[in-house]
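Peer 1: Here the protein sequences line up with chains A and B, keeping their order.
Quick note: the first sequence uses numbering that gives the first Met the number 0, first residue 0, plus one each step.
Quick note: the second sequence uses numbering that gives the first Met the number 0, first residue 0, plus one each step.
Hint data in this document are derived by calculation from the structure and do not stem from the laboratory.
Hints are all accurate, no fakes.
It does not matter which identical chain is used: a pair holds within one copy or between any two.
Computed cross-link-like contacts, DSS-like style, restricted to lysine-lysine with a CA-CA straight-line distance of at most 27 angstroms: (1) Lys298 - Lys187; (2) Lys778 - Lys311; (3) Lys684 - Lys649.
Number of protein chains: 2
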Amino acid sequence: MSNGTSIDEQELDALDAYWRACNYLAVGMIYLQDNPLLRGPLEPEHIKQRLLGHWGSSPGLSFVYVHTNRLIRDHDVDAIFIAGPGHGAPGVLGPVYLEGAYSETYPDKGEDEEGMRLLFQQFSFPGGFGSHCTPELPGSIHEGGELGYSLSHAFGAAFDNPDLLVVAVVGDGEAETGPLATAWHSNKFLSPKRDGAVLPVLHLNGYKINNPTVLARIPETELVSLLRGYGWEPIMVSGSEPMDMHRQMAEAMDHCLSRIRAIQQQARQTDEVTRPTWPMIVLRSPKGWTGPKEVDGHKVEGSWRSHQVPLKDARGNEAHRRALEDWLRSYRPEELFDDHGRLVPALRELSPRGTRRMGANPHANGGLLRRDLRMPDFRSYAVAAGTPATLRAMNTRPLGEMLRDIMKRNPGNFRLFGPDETSSNRLDAVYEASGKFWLDGMLPEDADGGHLDPEGRVMEILSEHTLEGWLEGYVLTGRHGLFATYEAFVHVIDSMYNQHAKWLAMCRDLPWRAPVASVNLLITSTVWRQDHNGFTHQDPGFLDIVVNKSPEVARIYLPPDANCLLFTADHCLRSHDNVNVIVCDKQDHLQFLDMEAAIRHCTKGIGIWDWASNDQGCETDLVMVGCGDIATLEALAATALLREHFPALKIRFVNVVDLFRMTPREEHPHGLDDADFDSLFTRDKTIIFNFHGYPWLIHRLAYRRTNHGNLHVRGYKERGGINTPMELAIENNIDRFSLAIEAINRVPQLAATGAHVKEKLRDEQIDCRRHAHEYGVDKAAIREWTWPH
Amino acid sequence: MSNGTSIDEQELDALDAYWRACNYLAVGMIYLQDNPLLRGPLEPEHIKQRLLGHWGSSPGLSFVYVHTNRLIRDHDVDAIFIAGPGHGAPGVLGPVYLEGAYSETYPDKGEDEEGMRLLFQQFSFPGGFGSHCTPELPGSIHEGGELGYSLSHAFGAAFDNPDLLVVAVVGDGEAETGPLATAWHSNKFLSPKRDGAVLPVLHLNGYKINNPTVLARIPETELVSLLRGYGWEPIMVSGSEPMDMHRQMAEAMDHCLSRIRAIQQQARQTDEVTRPTWPMIVLRSPKGWTGPKEVDGHKVEGSWRSHQVPLKDARGNEAHRRALEDWLRSYRPEELFDDHGRLVPALRELSPRGTRRMGANPHANGGLLRRDLRMPDFRSYAVAAGTPATLRAMNTRPLGEMLRDIMKRNPGNFRLFGPDETSSNRLDAVYEASGKFWLDGMLPEDADGGHLDPEGRVMEILSEHTLEGWLEGYVLTGRHGLFATYEAFVHVIDSMYNQHAKWLAMCRDLPWRAPVASVNLLITSTVWRQDHNGFTHQDPGFLDIVVNKSPEVARIYLPPDANCLLFTADHCLRSHDNVNVIVCDKQDHLQFLDMEAAIRHCTKGIGIWDWASNDQGCETDLVMVGCGDIATLEALAATALLREHFPALKIRFVNVVDLFRMTPREEHPHGLDDADFDSLFTRDKTIIFNFHGYPWLIHRLAYRRTNHGNLHVRGYKERGGINTPMELAIENNIDRFSLAIEAINRVPQLAATGAHVKEKLRDEQIDCRRHAHEYGVDKAAIREWTWPH
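Just chain A, with the same shape it has in the complex:
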């Protein structure tokens, strides 16, 4: 690869020196707790008692970093850096420290000998900082602890950032993961006109922990074919001799930048945008590059043996320690650092300046750039609710209208994500503001309702991993979004939720990290409406994952109707530093609350529905609770049945929107305090709790509450198949009949008299099921049920 760029020898020498400084720091971090400048021979006490960290991919990461610095400096590029193999953090920490960004964030680790000593000592050390590209690392938006998301994060960062270049190093280990393997296709969803650019550097260092990697061992013709097939133009940089590699890399980077700029320039001058072939780099260099060639008779550089710590006993074993000292001195630290331990001026010149330094780029601390959404008034999308539980609406449709107007009012600051289900989820009003982004090969029939749009900000690809990664990258760089997805398959991104929640929890302890918009997940097509998809599509268990994470981060809302959903979505889109999970079915449902009532109710997050209760001024006999749209409907119907059959029974009807209200206040900031909880749920009356999800989750949240002994929860218990909605409810005992029967069994004063009512209810239940099996639909009477007035 040569495009005739002439690169100055002297420049390359300086680059190499800068890189040597990075490598010196990386080795120092892994091994040293003292004597950081090697002012004297390395003694056992200079070496940490426990050696932790990953050397293997560190030199490759800093190699890419310093070459990106060169590009930034020479061409005033606005760039951020994503390290897919985040465990190679020493390779990123080094250059971030050298450019001064680290010391500005952590003044105790200044650019001097003591600062360097602390940097070394606290790396991967209790009370110190992490050994991945954690939130603690200035310039990082991607920890790389769990592998697979570097590219989708990079694209998320580039969307709507036309001048940004995101350099994303993809490890060849990471490249074997599914999420990464499909994320290469993100180039089909990037506009050269409106979005920034992603420059992937596939780093083939050949090995994982103990194994060769697939992409490093397949023939190069296959590799090139694969990457071209993904739609990229791969530029190969390959070798191990540093100066030759610097030349190759500098040429490759120059070439890529000039291609990127040419693509962007061309696209930005025309109205006809087509998908370009973006350049990328394949960097093939030895694992543990510049480290020990051999240790104890085993090849180390260029082998999996350099994955973590190559000289394992540097403290106790004299030969290892001498080898470590030789290794450190091979970088010639005396040429790199001055007497005070600061990078020499000639090398400091090579660092970009100010916010052009990747460790200080505000895009990587996106909260700094975050502008609140210009929100329309959610009240204006209200559906007429009239008398509670008499009118019907599709719960998600008004939200679609609100999202449409948010999209209109916030160009470049909001996107909607979903796996090909925006219409199916009844959010299609959004297409009036923006179509689905699409560049590849339009067909005439696309004009008929296809909503494909080369300027679209609705992002649809059938990969929940990619969508979640894009959204995370988008919000971490200061923008806003919402991801609507199928309830059962949100489990596909369980681990991504876990990791993002952990990221946010760590950020809470870092005052310099400005708040970022929340990740908003709308979970729809829920378990209770799977008439034809059956058992595989029934899984409300994502909530069980969500509740495990930090209470500062996790939020769960189950709005029972359209107006409550509007309020909830408005609230979530204004929030920051949370993951908000909103569960709401997309289908036609009875509406319960007008907008003013919805606001009052959702502001509290939990409350009594007076219109459905008859215990006003009397002692309550039974607390009936609904949490979730369909669970609430059935609980209401059960309440109506009970009141019809037992007019003297005093029932309190409670609805829960904010699930964490159930948990004690000490456990979650949204937790109700015990006095309030007791006054809602009573201290000793029967509670029948009809829940959207797995029933035991409610016990897990509420087991410490006073009246827990009387709490009887119904929910999905893994019984289903091809069922009508009512039949599925019956199978899992969340239906009105089961609830009413349960109440008769549990409320002491009904136990004696209720026998014949139970029989009647059981007959009705059997009749419903028989009807379903005969006609394949629920009984019309049930579908059209309303609250009796």
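With chain A's structure known, arrange chain B on it following the hints.
Peer 2: Leaving out everything else, chain B in the frame of chain A:
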């Protein structure tokens, strides 16, 4: 594509007629509840009240099916069929019914008019059968409800089945998922010598629910490059005119089979095996092929509008009903079925015979072929435990030795799966029996501890999705395996666990499905030992997912030491139809039980450790419980502290191996009955329960127990970073000091006297943490702690 095969016109005509019969059945299933042979005009009452099912990919699926039948018949191929787009089940149900396999399994749906009527009526109908390739479908090992796993399942089926051909249809929607995108690389892990073949058919019908698909719209040059880059030889079959397509497809199938056989023959004649370029087919055909061209002015065939039900109001709308009748009659049913509704003899000839029919192939009901593992005696790997809690061992190492011998004794019947962590997980003894499968480009250094082996049965790729998919495919076709993986990242396959558990739960209701080996997951590198990986690597929440699924399927074991792990693993490897989750850390730990004691203890799954208890013959004051290796160690140390400081205190020490013992018997077959539970945990004494995972899981399991009010659980509560093991324990209050302090707070008779002991314990705790921060390691005294004797 032409390789000169001459295909008979008459044969193609017959093939087409067979395919028309399939399509007729598919349409019938979606719409009809009566008049299956169209003996009279279609009336409203013949049409189901609710139209469910997916037409879009059905004709493509049956197209591939009938062409596979041709291959089977002409070349006596042993083949099974995997439908990635499993929601196109009508396209598979049709040919399975036509070949008679369906009626043999479900005699009520015989090969006659009444059988056909029932097939139609019960499809996707309450009380009927599912609309995906569910376990109910003979010949299916892959439901295709959640997309992404067709190829990894196919490879799992092919491993160690040298004569099997697995035809796997990959939908172009599914192809966008991460798991599928990386599963193409499975060809690097298939031996042409020892394994069978996978023939992927990438079915580009162009659309998902509302969107075009990525792979259908990129230029064909890119597509071909991509597939070649993945290492495949793609054969293109493209068009819409049926007879032309039949010819193309027949030629393509012939070509593929002859390539596959040539590859296998060559490999099986030599000792030098290299990776071949396997053929595959790209089938580009219209979505909803042969269906209505246009409905209500919209293009339907060849558009996303044919994804589900093209004529939505066939019952109520006369024009739709007429269009439906025309559509059905376009297949000329009178030529296809005789007067009784049975396929005419000339077409019946085209079905393969007996177990060559894909709906009757025993590989797809793998339990029929399952041979129990020849197990070595697990006792022979026992570690010396001596006096409890005095000796140390790495818990997983003896298991590695047992797996080695299982591997040796069961050639072709057992594999070990893991994402590049077999050595790191201390299971590397297995390499003495079998290396890691690897074909691609060996290097000289691989000989030095690389354990790469073109005959290996240890499967390592850095994709948990692929590994789990391979394992599932392997066990569903009658073999055995174990997947060892990192605790935090087992969440990557949460949704796969959910789906496999659902599959197994459904199989329980199908007596004709023979039991298959359990999926065994060994979860190691656990939350409590993440000294350098930090917060991202700390997540024990997979168990919270596991417990949601059917109690008939889910099993969780937390063996506290090496001997208990051996017993547990032996048990799991002998079990069937479960998912067994075993949690056990890989690092050096104190050993508690000798083998005889381990057998007694693990057989019960829960029990008192007498040697650690002092309440024999007295009233118990405190029940201390450990569940999980590290949690047990700390609970023991806390017990020792308490006994040292309060010699009169009567402590009972309980260890839990089988987590479901905690749940009531009515909830899970392993649940302890209440009387036994009460006798272990007492009815009214303080219980301090130290748990491996998130603490609330224990409450969720045990909230109904008599003494739940006195149950105090400690576990991981999302507090961590770079910590020594002891510091991490302290952060989450599972350490010995916190537990002892908690006991002092909770046991009434200690509350008054314990103050100074608490202070002492707090000082020790602070000292531990200070030491960690100073030296980066735990205090030697703590690392070397043993039970006081």
